[in-house]
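J.: Line order of the protein sequences matches chains A and B. So for the first sequence, the numbering used here puts the first residue at 1; every next one is plus one. So for the second sequence, the numbering used here puts the first residue at 1; every next one is plus one.
What the hints contain is simulated information worked out from the structure, not anything from laboratory work. For clarity, every value in this text was computed on a predicted model and none was experimentally measured. For every residue, glycine included, the Cβ atom is placed at its ideal position computed from N, Cα and C. Among the hints, erroneous ones may be present.
[Stated by the list, open to error] One side only, chain B facing chain A, incomplete, derived with CB under 7 Å:
| no. | residue |
| --- | --- |
| 1 | T63 |
| 2 | A66 |
| 3 | M74 |
| 4 | S75 |
| 5 | F78 |
| 6 | A81 |
| 7 | V82 |
| 8 | T86 |
| 9 | I87 |
[Claimed, not checked] Covered by chain B, according to a simulated footprint, are these stretches of chain A (three or more residues, beta-carbon under 8 Å):
| no. | segment |
| --- | --- |
| 10 | 168-176 |
| 11 | 181-188 |
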Amino acid sequence: MNANTEALVGRVLRASTRGFDCGAHSRSIGDHHNFGAFVKAPITNDSNTYAVGLIYKVEIKDDQLISELVMGELVPDNILRDQRDNRMIPVEIKVLNVGYYDRYGFVPSLPPRPPMSLADVWECTPAEVDSFTHSLDFMRLVLGAAEVPSDDLIAAALWYTASLHEDRVAFMTRAGRRLARELSHDLKRLAHVLSLIRP
Amino acid sequence: MYDEQSPKRLGVVVGGSLSKGLTVKLEASESVEDLAVGRYVVVHGAAGKRFFCMLSDIALDNTNPAVQNNPPDMSDAFLRAVYMGTIAYATITITPMLLIDENGQVMPVKTIPPHFTDAYSATEQDVNDVFGREDDKHFHVGAPLELQETKINLNLKKLAERSIGVFGKSGTGKSFLTRVLLCGLVARGTAVTLIFDMHNDYGWEVTSENGYNVKGLRQLFPEKVTIITLDAESSKRRGAKYDFEVRLGYDEIQPEDVALLRVTMNLSDAMIDACYTLNKLWGSAWVRRLINASVDDVQYVVDNSNIAGGTLNALQRRLQRFERWDFLSEESIGESVQKIVDYLVNQRKSVVLEFGRYGNELEAYMLVANYLTRRIHQKYVELMEKSLGDDGQKPPNLVITIEEAHKFLEPQVANQTTFGIIAREMRKYNVTLLVVDQRPSAIDEEVMSQIGTRVTALLDNERDINAVLNGVSGAASLRQVLARLETKQQAIIMGHAVPMPVVMRPRNYDEAFYNALTSPSSSDTRAFSGGKKARF
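Could you build all of it, start to finish, from the sequences and the hints given here?
T.: As structure tokens, then:
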């Protein structure tokens with residue numbers, strides 16, 4: 001896989017096998033940082049294995065100057081623009097691991113090791129997303145993750161994936177049926193998720 | 001209707017047992033409304049084995065009962081597609097009937113397939129593997145539900161060698177079913193039949209319920225069937241070509257003939273005993289003498305026997321009803337029995353006895369049927385005993401067809417009538433019964449147990465259903481099937497002549513059927529496209 005042709009999301013700040021956080025410059029924030037986007041990062045000491053995750057939180061940090069500017073009155077536009085464009089305002093992106101791939105293909109399970117700090121985090125290509133979501137098994141990891149807004153996250157991931165399919169309704173129906181099996185014990189939650197993904 | 005050549009996956013086996021049937025979870029794409037009890041399902045087991053099963057129950061289930069309290073909005077196509085087959089799904093119960101091994105050999109089923117084995121709708125090949133192909137010994141009587149191009153073929157030899165029962169509520173097509181069975185027996189020469197044709201349904205043309213005229217056996221097989229009549233006037237009026245008019249002499253009626261009428265004529269035990277006493281006292285003319293007896297005659301009998309006067313008077317009043325029947329003559333004027341036996345045994349012709357207007361008089365029907373059957377059965381016993389050691393001398397299989405059979409075979413009289421004896425002794429003397437009845441529960445249990453092949457249209461009385469299914473393997477599942485047959489054009493065949501119970505849509509009794517019967521080469525009716533159809 002050629003990572004250089006894909007959009008760089010950021011670099012790893014901290015990581016575990018459950019997920020990782022990466023940082024990026026506010027200036028570089030774009031569609032590839034969207035909530036629910038599929039991203040990947042090489043795991044520690046293995047250039048052939050990538051952790052695959054879903055962005056579940058995008059956090060723009062502040063500092064003392066920004067706090068002061070926020071409270072300031074009559075701040076000129078050029079100062080605001082300068083602060084936004086030229087100052088180093090860190091953006092922190094939190095990723096939930098939902099699988100990994102190695103030389104044998106995609107595995108919808110937690111990666112064997114977390115990515116190393118400062119490893120590049122890339123957006124997955126449409127082909128990779130398509131391949132990875134073929135089985136929809138990743139949804140179990142999302143639904144079982146208590147620390148993330150899993151219902152909205154899975155809906156966002158599915159909407160993104162559906163956009164890659166010619167027949168979006170058929171894909172969403174397949175995903176809905178899988179969700180029905182996974183959430184058959186919790187019908188209220190199922191109804192909520194289905195309402196989020198109804199095509 | 002689906003493709004009968006390639007199997008259609010219905011679902012997967014998820015549980016069950018051999019005795020209670022297998023539970024199959026239906027595919028989400030399979031509409032539960034398209035299924036019907038009685039349909040065949042084949043489970044493809046390991047190593048090429050096929051478990052041939054009958055669908056016996058259909059149920060709706062869910063993975064979470066809470067869904068019943070708050071059902072999803074099924075008008076939303078997306079929600080419908082998501083919920084159906086996942087949270088809410090259908091299951092079917094299928095009863096394993098037979099096992100078809102990898103060589104196509106059919107054998108009784110003694111085990112079940114493992115979990116999660118695929119279940120398919122039966123194909124034409126599956127059905128043919130079980131029911132064989134139509135040939136000289138197998139007669140096409142109908143098609144399984146959903147497999148209209150497939151044939152259910154009865155083994156005629158097995159059909160004739162034990163008694164047959166055709167049951168069903170009034171108006172469900174028992175006569176048409178019976179006619180189809182009789183056509184098979186006559187066409188293939190498996191047996192000769194003596195039909196006590198109560199309502200003139202079998203010998204000559206009749207008008208079906210939908211207004212079409214359908215041919216009788218004599219018209220279809222003029223060389224193999226003869227009509228005799230009790231009511232020549234009726235036969236002439238209908239244009240039925242009868243060969244002779246049956247006349248019975250009063251002097252031929254024996255106490256046993258009257259005893260059969262015990263229930264119908266409300267005869268007490270004392271009256272039956274009186275018949276035997278009178279026969280002993282007056283000889284063969286006892287019936288006529290009793291009918292004409294004066295007060296002095298009655299008193300003479302009372303004085304010289306142990307019969308009470310009241311009993312004799314009551315018996316006299318009842319037997320005087322015989323005078324209404326023109327087919328009874330003072331003395332025997334013809335050898336009706338001998339003629340019938342000659343047709344049956346020497347000419348190997350089937351005989352249809354039309355009752356004409358007497359068909360509405362149950363007592364007349366029973367008297368004549370029992371009178372003739374008792375004597376013909378006796379002849380058969382003699383012929384069979386003579387033929388011991390020489391099979392070539394054996395008379396042909398005789399199937400005696402009676403309607404309102406429970407009147408002949410109800411527990412009170414079954415032990416005393418020839419019909420009861422025939423039903424019990426089965427093929428010992430090459431005589432069996434074809435009983436047509438709407439109240440099988442009224443037939444003696446022992447007699448019912450001896451009926452080899454049962455063809456049953458819709459029955460909705462619990463006792464009748466129990467009676468028909470008594471002793472049948474897998475009765476619990478068949479009960480559901482039997483109670484849900486359509487009022488017409490559906491019947492279940494079970495017993496000796498079929499390898500397993502089968503719900504079928506009988507053949508149309510129409511021109512195509514006639515052609516298939518009378519054409520020496522063709523037994524296939526599929527090519528026929530014309531002709532009026534008479535459905536039962």
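J.: Are the hints correct? Go through all of them and say.
T.: Checked hints:
1. Look at T63 (chain B): its Cβ gets to within about 4 Å of chain A, closer than 7 Å, so that hint holds up.
2. The interface hint given for A66 (chain B) holds, since its Cβ lies 5 Å from the closest Cβ of chain A, which is under the 7 Å cut-off.
3. The criterion of a C-beta within 7 Å of any C-beta in chain A is not met by M74 (chain B), whose closest approach is roughly 13 Å, and the hint is violated.
4. Interface restraint check for S75 (chain B): the shortest CB-CB distance to chain A comes to about 13 Å, outside 7 Å, so the restraint is violated.
5. Interface hint status for F78 (chain B): upheld, as the beta-carbon distance to the closest one in chain A is roughly 5 Å, under 7 Å.
6. The interface hint given for A81 (chain B) is met, as the beta carbon of that residue sits about 5 Å from the closest beta carbon of chain A, less than 7 Å.
7. At its closest, the beta carbon of V82 (chain B) sits 4 Å from a beta carbon of chain A; the interface hint therefore holds under the 7 Å criterion.
8. About 4 Å separates the beta-carbon of T86 (chain B) from the nearest beta-carbon of chain A, less than 7 Å, and the hint is met.
9. The beta carbon of I87 (chain B) is positioned within 7 Å of a beta carbon in chain A (closest approach about 5 Å), and the interface hint is therefore held.
10. Remark: the segment 168-176 of chain A is confirmed as covered by chain B, as 4 of its residues place a Cβ nearer than 8 Å to a Cβ of that chain, reaching the required three.
11. Under the rule that three or more residues need a Cβ within less than 8 Å of chain B, the assignment of the segment 181-188 of chain A holds, with 4 such residues.
The structure fails to meet hints 3, 4 from the earlier list, while all remaining hints are met.
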